[in-house]
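Trainee: The chain contents come next:
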Amino acid sequence: NAGVTQTPKFQVLKTGQSMTLQCAQDMNHEYMSWYRQDPGMGLRLIHYSVGAGITDQGEVPNGYNVSRSTTEDFPLRLLSAAPSQTSVYFCASSYSGHNYGYTFGSGTRLTVV
Amino acid sequence: AQKVTQAQTEISVVEKEDVTLDCVYETRDTTYYLFWYKQPPSGELVFLIRRNSFDEQNEISGRYSWNFQKSTSSFNFTITASQVVDSAVYFCALSEASGTYKYIFGTGTRLKVLA
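Chain order of the listed sequences is W and V.
Those letters in the first sequence? Residues 754 to 866, per the working numbering, in order.
Those letters in the second sequence? Residues 150 to 264, per the working numbering, in order.
Chain W on its own, in the form it takes in the complex:
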């Protein structure tokens, strides 16, 4: 079992570029989320999904898009990168949602210059 796989692990973008952070899980979890981690601010929820075809916004959704066409995959798209999006991004999945513990991916460290 690979668990939750995130790619890439590191990325440098120029302001205005777009990119997609990939997230895949092989545990047949319905619930998946994207968080960003910034110093002193803990983890903040960007978007989440309760199943294929269903997504919703979290605390800090601006500048990001998601889609969930399959149970396994939950990519996060940065539409036009800004320096404020420099952060560490974590994808997480859960067997049955927000009332269960999450399995996290290893993170993507993104720098926008």
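Read the hints as simulated data drawn from the structure, not as lab findings.
Here the structure is a predicted model, which is why all the values come from computation and not from measurement.
Heads up, the beta-carbon is just placed ideally off N, CA and C, and yes, glycines get one too.
Do not rely on the hints blindly, as some may be mistaken.
Claimed, not checked - Which residues of chain W face chain V? A partial, calculated answer using Cβ under 10 angstroms: (1) D779; (2) Y817; (3) A845; (4) G858; (5) S859.
Said to hold, decoys possible - Lysine-lysine pairs mimicking DSBU-like chemistry, simulated, CA-CA at most 35 angstroms apart: (6) W/K767 with V/K165; (7) V/K251 with V/K187; (8) W/K762 with V/K187; (9) V/K187 with V/K219; (10) V/K261 with W/K762; (11) V/K219 with W/K767; (12) V/K152 with V/K219; (13) V/K165 with V/K219; (14) V/K152 with V/K261; (15) V/K165 with V/K187; (16) V/K251 with V/K219; (17) V/K187 with V/K152; (18) V/K152 with V/K165; (19) V/K251 with V/K152; (20) V/K152 with W/K762; (21) V/K219 with V/K261; (22) V/K251 with W/K762; (23) V/K261 with V/K165.
Keeping the supplied structure of chain W fixed, place chain V upon it in accordance with the hints.
Mentor: Showing chain V alone in chain W's frame:
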């Protein structure tokens, strides 16, 4: 609105000391869930424990124990006889059973265990 406060930004202890990490939460729901996660220097986040609001029993797992007190809205985490491998950032989190499937994290407490 839900909120999690971890007032201790950083704690340093000497190996074998006991240490308690504080977590205070706010919620209007009567049904909610509390969690602790560990983030070691390698960066991954590891789930440690889940507790629901109807279960106020304390839990012990090896050197780890958790004290859940609804009266003070706290869910504190104690490490007994700390070890260098316990050095990490620890996050407390809260989710409410109603509505929005959102999971809110505290800002974390960095624990440094010195040899």
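Trainee: Would you mind marking each hint as holding or not holding in the structure?
Mentor: Outcome of the hint check:
{"no.": "1", "hint": "D779", "in the structure": "violated, 17 angstroms"}
{"no.": "2", "hint": "Y817", "in the structure": "violated, 16 angstroms"}
{"no.": "3", "hint": "A845", "in the structure": "holds, 8 angstroms"}
{"no.": "4", "hint": "G858", "in the structure": "holds, 8 angstroms"}
{"no.": "5", "hint": "S859", "in the structure": "holds, 5 angstroms"}
{"no.": "6", "hint": "W/K767 with V/K165", "in the structure": "violated, 47 angstroms"}
{"no.": "7", "hint": "V/K251 with V/K187", "in the structure": "holds, 19 angstroms"}
{"no.": "8", "hint": "W/K762 with V/K187", "in the structure": "holds, 20 angstroms"}
{"no.": "9", "hint": "V/K187 with V/K219", "in the structure": "holds, 23 angstroms"}
{"no.": "10", "hint": "V/K261 with W/K762", "in the structure": "holds, 26 angstroms"}
{"no.": "11", "hint": "V/K219 with W/K767", "in the structure": "violated, 48 angstroms"}
{"no.": "12", "hint": "V/K152 with V/K219", "in the structure": "holds, 15 angstroms"}
{"no.": "13", "hint": "V/K165 with V/K219", "in the structure": "holds, 30 angstroms"}
{"no.": "14", "hint": "V/K152 with V/K261", "in the structure": "holds, 25 angstroms"}
{"no.": "15", "hint": "V/K165 with V/K187", "in the structure": "holds, 19 angstroms"}
{"no.": "16", "hint": "V/K251 with V/K219", "in the structure": "holds, 21 angstroms"}
{"no.": "17", "hint": "V/K187 with V/K152", "in the structure": "holds, 19 angstroms"}
{"no.": "18", "hint": "V/K152 with V/K165", "in the structure": "holds, 32 angstroms"}
{"no.": "19", "hint": "V/K251 with V/K152", "in the structure": "holds, 11 angstroms"}
{"no.": "20", "hint": "V/K152 with W/K762", "in the structure": "holds, 30 angstroms"}
{"no.": "21", "hint": "V/K219 with V/K261", "in the structure": "holds, 29 angstroms"}
{"no.": "22", "hint": "V/K251 with W/K762", "in the structure": "holds, 25 angstroms"}
{"no.": "23", "hint": "V/K261 with V/K165", "in the structure": "holds, 12 angstroms"}
Going down the numbered hints, you'll see the structure goes against 1, 2, 6, 11, while the others check out.
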